[in-house]
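Model the placement of chain D on the given structure of chain Y, informed by the hints.
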Amino acid sequence: MIIKMVTAKKIVTNKWLYIMLIPGITGFVIFSYIPMYGLIIAFQRYNIIRGFLGSPWIGFTHFTNFFKDPYFFRLIKNTLLLSFYSLLWGFPIPITFALLLNEIRTHKFKRFVQAVSYLPHFLSTVIVVGMLFSLTNYDGIINNIIAGFGFERINFRTDPAYFRTLYIASGIWQQMGWESIVYLAAITGVNPELYEAARIDGSNRFQMMRYITIPGISPTIVVLLILKIGKLLNVGFEKVYLMYNPLVYEKADIIATYVFRRGIEGGQFSYAAAVGLFNSLLAVILLIGANKIARRLSDNYLW
Amino acid sequence: MKIHKGSFTFFNTLFMLIIVFVTLFPLLNVLAMSFSHPNAVFNHEVFLLPKQPTLLGYKLLSRSQSIGRAYINTIMYTGLSVVLGVVVTSLTSYPLSLKQFPSRSFFTKFITLPMFFSGGIIPLFLVVKSLGLYNTLWAVVLPSLFVPYFIILNRTSFQSIPDSLRESALMDGANDIYIWWKIFLPLSKPIMATIALFSGVLMWNAFFSPYIFLDDQKKFPLQIILRKLLLQGNATEVGVISAGYDETLNQEGIVALLKYTATIVTIGPIVLFYPFLQKYFTKGALIGSIKE
Chain Y
1 MIIKMVTAKK IVTNKWLYIM LIPGITGFVI FSYIPMYGLI IAFQRYNIIR GFLGSPWIGF
61 THFTNFFKDP YFFRLIKNTL LLSFYSLLWG FPIPITFALL LNEIRTHKFK RFVQAVSYLP
121 HFLSTVIVVG MLFSLTNYDG IINNIIAGFG FERINFRTDP AYFRTLYIAS GIWQQMGWES
181 IVYLAAITGV NPELYEAARI DGSNRFQMMR YITIPGISPT IVVLLILKIG KLLNVGFEKV
241 YLMYNPLVYE KADIIATYVF RRGIEGGQFS YAAAVGLFNS LLAVILLIGA NKIARRLSDN
301 YLW
Chain D
304 MKIHKGSFTF FNTLFMLIIV FVTLFPLLNV LAMSFSHPNA VFNHEVFLLP KQPTLLGYKL
364 LSRSQSIGRA YINTIMYTGL SVVLGVVVTS LTSYPLSLKQ FPSRSFFTKF ITLPMFFSGG
424 IIPLFLVVKS LGLYNTLWAV VLPSLFVPYF IILNRTSFQS IPDSLRESAL MDGANDIYIW
484 WKIFLPLSKP IMATIALFSG VLMWNAFFSP YIFLDDQKKF PLQIILRKLL LQGNATEVGV
544 ISAGYDETLN QEGIVALLKY TATIVTIGPI VLFYPFLQKY FTKGALIGSI KE
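Same order as they appear, the protein sequences are chains Y and D. All the letters of the first sequence, read from the start, carry residue numbers 1 to 303 under the numbering used here. All the letters of the second sequence, read from the start, carry residue numbers 304 to 595 under the numbering used here.
These are calculated hints, taken from the structure and not from any lab test. Mixed in with the good hints there might be a few duds.
Listed next, the in silico DSSO-like pairs over lysine-lysine satisfying Cα-Cα at most 30 Å (straight line) [to be verified]:
| no. | chain 1 | residue 1 | chain 2 | residue 2 |
| --- | --- | --- | --- | --- |
| 1 | Y | Lys228 | D | Lys412 |
| 2 | D | Lys432 | D | Lys412 |
| 3 | D | Lys586 | Y | Lys108 |
| 4 | Y | Lys110 | D | Lys402 |
| 5 | Y | Lys77 | Y | Lys108 |
| 6 | D | Lys432 | Y | Lys239 |
| 7 | Y | Lys239 | D | Lys522 |
| 8 | D | Lys582 | D | Lys485 |
| 9 | D | Lys521 | D | Lys362 |
| 10 | Y | Lys231 | D | Lys362 |
| 11 | D | Lys432 | Y | Lys10 |
| 12 | Y | Lys228 | Y | Lys239 |
| 13 | D | Lys531 | Y | Lys251 |
| 14 | Y | Lys292 | D | Lys582 |
| 15 | Y | Lys231 | Y | Lys10 |
| 16 | D | Lys362 | Y | Lys110 |
| 17 | Y | Lys68 | Y | Lys251 |
| 18 | D | Lys531 | Y | Lys239 |
| 19 | D | Lys531 | Y | Lys231 |
Stretch-level coverage of chain D by chain Y, calculated; a stretch enters the list once three of its residues show a Cβ under 8 Å from a Cβ in chain Y [said to hold, decoys possible]:
| no. | segment |
| --- | --- |
| 20 | 470-480 |
| 21 | 484-496 |
| 22 | 524-530 |
Idealized CB from N, CA, C, for every residue including glycine.
Only chain D is shown next, with the shape it has when bound in the complex:
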C-alpha cells in the first residue's frame, strides 16, 4: 500500500510540474524573445532565455505612435467600462436583492434571459449604427456595462447583508438611494473589486466589439493593433521605421521581434497584477457558479 501511494504521488507531482511547464513555456518563450536580438529571433534560436539580450524591441516599440495611442485608448476604454460598469451593476442589483421589492421576480428574469438568448451581432450592429454611436468609444463601452453575470454576483453579495440594517435606516427616514450609497456600497467593496477586475480584463482583452464598431485607426485599442501585427504579420500600422538602424539587422527578424515585444507590453499589466488579485477572481468564479 505504501509503495503504491508513493508512486502515485510521484507521478502526480511530476504531472503537475509538466502542467506548470506547458502552461508557462509559451509565455516565457515570448518574454525571452522580446528581449532578444532580431537575428536570433528570426533564426529561432530563442527558447527560455534571451539570446543576445537587447532592449531594441522595446526601444522601437516606444517610438511607435500607433501603439502609444492604442495603449491610451485601451486604458481609457477599460477605465470607463470598469467605473461605469461597477456603478450600474451595483445600482441594478440593489432592488433585485430585496425580498420586498414587488417586481423582483420579473426584473430578475428580464436580466437573465439575455444570458441564454440574444439577437446576435447583426441586429446589435444595426441598433448601434442607428443610434449614431458607430465609430465612437461609446459603441464599445456602453454595451459592456450590462452584464447579467455581474449583476447576479452583486445581488448575491447584497443578499448577505442583514435586512435589519435597511429596516432601521428606513425607520430613521432614509430612502433607498441613501441606503444603497451609504450602507450597501461600502459593505460590498470586495464584490465590487471582483466585478471591477473581471470587467477590466474583459475590456482590456476586447477585440471583436472594437473591431466591428470602430473605423478610425486613432481609436483602435491594443488588441486590434496586436492582431494586425501578430496574426497578419502587418507591421506597417505599428509604424516603426528602423531605417536609422544598421543593415546587419534582419528586417523580418525585426517584425518578429516587434510581435513578441508588443505581446509582452499588452499582457504585461495583467500578468503583473495577477498574483495580487488572484483571490478576487477565484472567489467571483465560485459565487457565480453556485447559484441558488
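Extracted from the complex, chain Y is given alone in its bound form:
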C-alpha cells in the first residue's frame, strides 16, 4: 500500500523532517498536482470565472469532438512519426559514437572530442533553431553548396517534406555528445578480463564490440530506451513550435503544438486540455508498453 498510516507519535519525533519537506511538497502540489487535477476541465465546459469546480460538466464531448476534428489524423500521424523517426535515428547514434570514441587510445584527444561534443547540449533551443535557420536559408551555406554542385536551391523552410529531417538532424547535432556520456561510462564498467580472454582467442576489435561491449552495456541501453519512449510524446514541443510555420503544418503540426494554438493562443482551454490529456495518456501507454516488451524479451527493465 502506497500510503502507510503514520502514527502521530512518529510525526512528532520526526517533526523537523516533515517541516523540511513543506516547501518542496507545497511546490509540487501547486505546480504539478493541482494542474493534474485541473485536467478535469477536459470534461467540462471550462469557465474562467467559475473555475475548476464550478464549470458545467459535459463528459467526453471534447474527446469525441477531437476524434472528429479534421486535423485529428494529421496530428496523430505527425506526432507518432516525428517521435518514431527521432528514436530510430537518434537513439543508436550516441551509442555508436560512444563505441567508436572508446576505441580512441590517445587520452587527451579523447577528452577533447568529448568536451567539444557536449557543448551543443548547453545551447538554448532558440539558438539552435536560429543557427539551423541561418544554415538552411534560401541563400545560406547549405543552399550555396547545393547550387555550387549545379542543383536547384531548396526552400527548406516552406517545404513540409524537409521538416522532420531538419528537426531530427539538428537534434542529433545537439544531443549526440551529451547522450553518449552514460554509454561511455557503462562501457568502462565492462569487465576487462573479458576483453583479455577474447584477445588471447584472437578476436579483433569489432568482434569484441559485438560480443562483449554491446551485451555488456545492454542493461543501460534498455533502460534508457524505455525512458526515451516515455518522454517521446512530451519533449520536442518547444523546438517544433520555434521551427514551424503555417506553411509546414501538414508535417510539422503535432498534438502538443495544436494544444498550444487552440488552448493558449485560442483560449479554448477545455478542448485543448482534453487533447493534451489524450497526448499524456498515449505517452503513458507507450511507456508501460515499452516496459512490458522489455520485460518479456530480456532481463532488463524499469519496473
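Using the frame of chain Y, we list chain D on its own:
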C-alpha cells in the same frame, strides 16, 4: 592484423575530427560573422574568419535598451532560480535520504510521479493565472524550483554520508535542521554546484515558460528577444537605430549582423564558463542516470 588496426585508427581519428568540425563550425561561423562588416555578412562572405573585422555589431547592440534590460532580467531570473532551487532541493532531499524517515517511500513516489505524468500546459497556465502570478517574475522562477531529477541527484549524494554523523549529532542534542545546515550542506557542495549549474543553464536558456507567463516587454529575458530577432527577423524590438551611421551600410546586413552578435552575447557566458565547469555536468549526468 597490424595494418588493419592502423587503418581503423586512422579512419576513426579522421571521423572524430570531422565530428569536432561539424560541431564547432556553426558556432565559429556565428562568432566570425558577429565581428564582420554588415555588407560582408549580407553577401554571405564569412565562413570561419571575420571579413572586414569591426566591432560595429557589438557597438550597436550595446546601445540597445531592450537587450540590456533582457540581459539583466535573464541574470535575475537565473540567479533567483539557482539560489532558491538549490536550497529547496537540498531541504527536500534530506528527509528522503534518511532510511529512518517513516514516510520516505510515499514522498519519494510523490516527487517522482510528475516526471512521468503531468497535467500539461493548459492547467498549469490556469493555475498560475488564478494565483495572480501571471506576468510576474515568480511565474517563471517558482515552477523551476521543483525538479524531481535534481532532488534525486541530491538525495543520492546525501545517502553517501555516513549515518553515524547524524546519529552522533542527534545524541549531542542537535535537531535535523541543524544537522542539515551544519553537516550535510557543507559535505554536499559538489552536488550543489552541479545542481546549480544545471538549473542555471535551464533558466538561462528558458524560452517557453517566460513566453506564456510574461506579457510585459520590460520583463522579457534574452531568449524571447533573441527569438524575435533570430527567428522572426524582427529587429524593431532590439530598438537599434543606425540612422546615425553611413548609408553605405546595407540595412538588411545590419539586421543579420545583429542576429549573430546577439547570439554570441547570449551564449557567451555559457561557452566561456563551460570548459571549467564541464566535469560537474558530466558527473551529474552519470549519477542521475544510474538510479538504484
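Which numbered hints does this structure break?
4, 5, 10, 11, 14, 15, 16 and 21
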